[in-house]
Amino acid sequence: MAEERYQRLTRDRSEGFIPVGVVTVTRSSLWLGSDHLLLVRRNGYTESYKRFYFRDIQAIILRGTRTRAIWNGIFGSLAGILLVIALSTVDRKDSTSLIIWGCVLLAVCGIPILFNTLSGPACTGYIKTAVQTEQITSLRRVRQSHKALGKIRKRIVEVQGQLSAEEVSARLREAAEDQAVPERTAVPPAIPPPIS
Amino acid sequence: MSPLISCPKCHASLLDGVFNRPGLAPCPTCAAPLQVEVFPALFRKAAVGETGQPVLVEGESGCFFHPQKKAVVPCSSCGRFLCALCDCEFAGQHFCPACLAAGKSRGKISALTSERADWGSIALSLAILPILTVFLTMVTAPMTVFVCLRYWNAPRSLVRQSRFRLVLALLIALLEIAGWVLVFVMAPGGRR
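Chains as they are written, first to last, in the working numbering: chain A, 1 to 196; chain B, 1 to 192.
It is worth saying that the hints were derived from the structure and are not from the lab.
Check the hints yourself; a few may be wrong.
[Stated by the list, open to error] Result set (DSSO-like, lysine-lysine): computed pairs, CA atoms no more than 30 angstroms apart in a straight line:
| hint | chain 1 | residue 1 | chain 2 | residue 2 |
| --- | --- | --- | --- | --- |
| 1 | B | Lys104 | A | Lys50 |
| 2 | B | Lys45 | A | Lys151 |
| 3 | A | Lys151 | A | Lys50 |
| 4 | B | Lys9 | A | Lys50 |
| 5 | B | Lys45 | B | Lys69 |
| 6 | B | Lys69 | B | Lys108 |
| 7 | B | Lys9 | A | Lys154 |
| 8 | B | Lys45 | B | Lys9 |
| 9 | B | Lys104 | B | Lys70 |
| 10 | A | Lys154 | A | Lys50 |
| 11 | B | Lys45 | A | Lys50 |
| 12 | A | Lys50 | A | Lys147 |
| 13 | B | Lys69 | B | Lys104 |
| 14 | A | Lys147 | B | Lys9 |
| 15 | B | Lys70 | B | Lys108 |
| 16 | B | Lys9 | A | Lys151 |
| 17 | B | Lys9 | B | Lys69 |
| 18 | A | Lys50 | B | Lys70 |
| 19 | B | Lys45 | A | Lys154 |
| 20 | B | Lys70 | B | Lys45 |
Construct the complete structure from the given sequences, taking the supplied hints into account.
Written out as structure tokens, the structure is:
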């Protein structure tokens with residue numbers, strides 16, 4: 001059987017808060033196949049795969065997170081500490097030292113803050129099927145996730161069709177009412193009399 | 001199974017306001033920004049599995065595993081006749097349970113592959129990391145060559161299918177071996 005070609009949707013991202021991956025940290029990425037999504041997890045020197053067929057995907061959820069603000073806070077605090085150190089140790093008349101400290105601050109804190117801010121709001125993704133809800137940690141930024149979601153949605157709609165927002169709300173309400181009715185009308189099972 | 005969608009943060013059921021919208025909308029319970037794309041599969045009833053019909057006519061083909069049940073399809077791999085219960089339809093083909101399990105364990109059905117070793121990365125690490133200690137490359141360089149040749153035709157990653165890392169590792173290892181040969185040749189007491 002010929003191996004399938006996949007299109008990359010997200011880059012390798014570590015599964016966890018720490019963005020810098022080392023060989024022991026699991027990194028995951030999402031790929032688009034002809035009839036399924038492939039979640040690739042790389043752990044050291046082994047890759048494991050999980051497939052989500054388009055016909056089985058019930059929902060894709062994106063949840064906004066505060067990761068961007070947290071990292072900006074961390075780098076901002078680091079910049080503050082470095083600035084205090086610079087101001088307390090450097091002679092303000094020594095322009096060379098000031099320039100060096102300025103470059104250090106920019107490289108260590110300024111560029112990461114700028115990059116983090118320009119990347120846009122952070123998020124995390126989930127794929128829901130009938131048997132699982134899998135978190136997709138490589139969907140890290142809203143802008144990137146929207147691009148990936150656009151490609152995925154197109155393929156899923158080709159297989160399953162599409163529902164409008166109003167249709168979804170109406171069907172979910174019906175389903176919620178159907179589940180509530182059996183609970184209200186359920187009759188407890190009769191307990192047989194003890195054997196004398 | 002309940003078709004309801006829950007907020008991934010507060011796990012409250014979502015009934016309105018966040019489905020199939022173009023951007024993030026707040027969860028009605030915890031206000032977490034959410035974007036939920038729902039597809040018709042959520043409301044599809046689960047298909048009921050078939051158990052296989054009994055053989056009614058004398059001489060009718062029966063299932064290899066259930067001779068009393070009518071055969072409906074042959075296995076694409078071994079050719080055994082299968083009833084509706086034994087038929088495992090996968091990737092557009094029909095398999096018996098034994099062939100499906102064998103296909104997965106032997107890696108013959110790539111659509112069932114759930115794990116693969118990344119020999120390219122292993123070889124590249126074996127070639128590059130020992131450079132930090134220098135002397136260790138005397139041992140690891142031949143090992144790298146062995147790994148590259150031994151696993152040259154091994155199944156590669158499903159998503160990175162080029163042999164670039166194996167080729168690079170092999171080149172680096174050969175350079176290391178050449179380097180050590182030069183060192184021994186140029187060493188005092190050796191041939192100049």
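Structure-based check of each hint:
At most 30 angstroms may separate the alpha-carbon atoms for a hinted pair to count; B:Lys104 and A:Lys50 meet this at roughly 14 angstroms. For the given pair, B:Lys45 sits about 26 angstroms from A:Lys151 by alpha-carbon distance, which is consistent with the 30 angstroms threshold. Simply put, A:Lys151 and A:Lys50 have alpha-carbon atoms about 19 angstroms apart, close enough for the 30 angstroms limit, and the pair holds. Taken as a hint, the B:Lys9 and A:Lys50 pair is honoured in the structure, with Cα atoms around 23 angstroms apart against an allowance of 30 angstroms.
For the given pair, B:Lys45 sits about 27 angstroms from B:Lys69 by alpha-carbon distance, which is consistent with the 30 angstroms threshold. For the hint linking B:Lys69 to B:Lys108, the alpha-carbon distance of about 29 angstroms falls within 30 angstroms, and the restraint holds. For the hint linking B:Lys9 to A:Lys154, the alpha-carbon distance of about 27 angstroms falls within 30 angstroms, and the restraint holds. Simply put, B:Lys45 and B:Lys9 have alpha-carbon atoms about 27 angstroms apart, close enough for the 30 angstroms limit, and the pair holds.
Taking the CA atoms of B:Lys104 and B:Lys70, the gap is about 27 angstroms. The hint holds against a cut of 30 angstroms. Restraint check for A:Lys154 and A:Lys50: satisfied, since their Cα atoms lie roughly 21 angstroms apart, inside the 30 angstroms limit. The suggested pairing of B:Lys45 with A:Lys50 holds, with an alpha-carbon distance near 24 angstroms, which does not exceed 30 angstroms. Distance restraint check for A:Lys50 and A:Lys147: the Cα-Cα separation of roughly 21 angstroms lies within the 30 angstroms cut-off, and the hinted pair is therefore satisfied.
With a CA separation close to 27 angstroms, the supplied pair B:Lys69 and B:Lys104 stays within the 30 angstroms bound. With a C-alpha separation of about 23 angstroms, the suggested pair A:Lys147 and B:Lys9 falls inside the 30 angstroms cut-off, and the hint holds. Distance hint between B:Lys70 and B:Lys108 is fulfilled; the C-alpha atoms sit about 29 angstroms from each other, no more than 30 angstroms. Of the pairs offered as hints, the one joining B:Lys9 and A:Lys151 holds, with about 26 angstroms between alpha carbons and a cut-off of 30 angstroms not exceeded.
A distance of roughly 49 angstroms separates the Cα atoms of B:Lys9 and B:Lys69; the hinted pair therefore is violated under the 30 angstroms criterion. Restraint check for A:Lys50 and B:Lys70: the C-alpha separation of about 35 angstroms exceeds 30 angstroms, so the hint is violated. Among the hinted pairs, B:Lys45 with A:Lys154 is consistent with the structure: their alpha-carbon atoms are about 23 angstroms apart, no more than 30 angstroms. Annotation: proposed proximity of B:Lys70 to B:Lys45 holds, straight-line Cα distance about 27 angstroms (limit 30 angstroms).
The structure fails hints 17 and 18 (numbered hints given earlier, in ascending order).
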